[in-house]
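These protein sequence lines map, in sequence, to chains A and B. Just so you know, this note's numbering puts 497 at position 10 of the first sequence, and the rest follows in order with no gaps. Just so you know, this note's numbering puts 1032 at position 2 of the second sequence, and the rest follows in order with no gaps.
Be careful, since some hints might not be right.
To be verified - Each computed DSS-like pair below joins lysine-lysine, with the alpha-carbon atoms no more than 27 Å apart: (1) B:LYS1144 <-> B:LYS1101; (2) B:LYS1068 <-> A:LYS544; (3) A:LYS529 <-> B:LYS1068; (4) B:LYS1035 <-> A:LYS565; (5) B:LYS1098 <-> B:LYS1035; (6) A:LYS565 <-> B:LYS1101; (7) B:LYS1067 <-> A:LYS529; (8) B:LYS1098 <-> B:LYS1144; (9) A:LYS544 <-> A:LYS570; (10) A:LYS570 <-> B:LYS1144; (11) A:LYS529 <-> A:LYS544; (12) B:LYS1101 <-> A:LYS544; (13) B:LYS1068 <-> B:LYS1101; (14) B:LYS1086 <-> A:LYS565; (15) A:LYS544 <-> B:LYS1067; (16) B:LYS1068 <-> B:LYS1035; (17) A:LYS565 <-> B:LYS1068; (18) A:LYS565 <-> A:LYS529; (19) A:LYS544 <-> B:LYS1144; (20) B:LYS1144 <-> B:LYS1035.
I should point out that these hints are in silico values taken from the structure, not numbers from a laboratory. Only a predicted model underlies this, so the values are computations on that prediction, with no experimental measurement involved.
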Amino acid sequence: EPEVTQTPSHQVTQMGQEVILRCVPISNHLYFYWYRQILGQKVEFLVSFYNNEISEKSEIFDDQFSVERPDGSNFTLKIRSTKLEDSAMYFCASSLPQGFQPQHFGDGTRLSIL
Amino acid sequence: DQQVKQNSPSLSVQEGRISILNCDYTNSMFDYFLWYKKYPAEGPTFLISISSIKDKNEDGRFTVFLNKSAKHLSLHIVPSQPGDSAVYFCAASASGNNQGGKLIFGQGTELSVKP
Chain A
488 EPEVTQTPSH QVTQMGQEVI LRCVPISNHL YFYWYRQILG QKVEFLVSFY
538 NNEISEKSEI FDDQFSVERP DGSNFTLKIR STKLEDSAMY FCASSLPQGF
588 QPQHFGDGTR LSIL
Chain B
1031 DQQVKQNSPS LSVQEGRISI LNCDYTNSMF DYFLWYKKYP AEGPTFLISI
1081 SSIKDKNEDG RFTVFLNKSA KHLSLHIVPS QPGDSAVYFC AASASGNNQG
1131 GKLIFGQGTE LSVKP
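Using the sequences and the hints given, assemble the complete structure.
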């Protein structure tokens, strides 16, 4: 069964450094998303992306964050200058373009900021 | 943000019996509801969904019930199996029939099915 893949599974970065999290969505999906889950908290929406532009973003998704689809298969989340509070599990998801389709999630990247 | 709430952090059920997981929501604009299952060190896995035009959807051992007037949905697992032990998340979207709508998640309920 097709799946969303994320790399790396764990990223350790010094505070203030840039980090790029990578995702390969399911091949025929056209909507892409990033979510995060801080330890002990809910899964929360960051951003959705369609047709090479951001569809919607949350208030968490400030100027430090950016997303990109650099080629036909990858979808990336960049955090420019990481803070301690960015430590979390980051999940990528994708979905088909038709209405009422579920989002399918990858296994996540655990980001640890030191 | 308490738009989607799962009030039971944990549930323990005997193998073969029914598991009932509950979820409440406050936003009447939600029109699509999903249940995800999550094992440790894995991402949420889609289980079953329901749109607001229905009140029940069934897939094998899993059935989701939606009560719009009470703003309540539930997931029934019958019969429960030890492999069902995981954290279950309820999620909702207010995208209409347009795709790309963000999901709002509940806090999760940890289900333990005992042999």
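Each hint, compared with the structure:
no.: 1; hint: B:LYS1144 <-> B:LYS1101; verdict: violated, 31 Å
no.: 2; hint: B:LYS1068 <-> A:LYS544; verdict: holds, 24 Å
no.: 3; hint: A:LYS529 <-> B:LYS1068; verdict: holds, 13 Å
no.: 4; hint: B:LYS1035 <-> A:LYS565; verdict: violated, 30 Å
no.: 5; hint: B:LYS1098 <-> B:LYS1035; verdict: holds, 15 Å
no.: 6; hint: A:LYS565 <-> B:LYS1101; verdict: violated, 37 Å
no.: 7; hint: B:LYS1067 <-> A:LYS529; verdict: holds, 14 Å
no.: 8; hint: B:LYS1098 <-> B:LYS1144; verdict: violated, 32 Å
no.: 9; hint: A:LYS544 <-> A:LYS570; verdict: holds, 19 Å
no.: 10; hint: A:LYS570 <-> B:LYS1144; verdict: violated, 41 Å
no.: 11; hint: A:LYS529 <-> A:LYS544; verdict: holds, 17 Å
no.: 12; hint: B:LYS1101 <-> A:LYS544; verdict: holds, 26 Å
no.: 13; hint: B:LYS1068 <-> B:LYS1101; verdict: holds, 24 Å
no.: 14; hint: B:LYS1086 <-> A:LYS565; verdict: violated, 40 Å
no.: 15; hint: A:LYS544 <-> B:LYS1067; verdict: holds, 25 Å
no.: 16; hint: B:LYS1068 <-> B:LYS1035; verdict: holds, 17 Å
no.: 17; hint: A:LYS565 <-> B:LYS1068; verdict: holds, 25 Å
no.: 18; hint: A:LYS565 <-> A:LYS529; verdict: holds, 21 Å
no.: 19; hint: A:LYS544 <-> B:LYS1144; verdict: violated, 41 Å
no.: 20; hint: B:LYS1144 <-> B:LYS1035; verdict: holds, 25 Å
Going through the hint list in order, the structure does not satisfy hints 1, 4, 6, 8, 10, 14 and 19.
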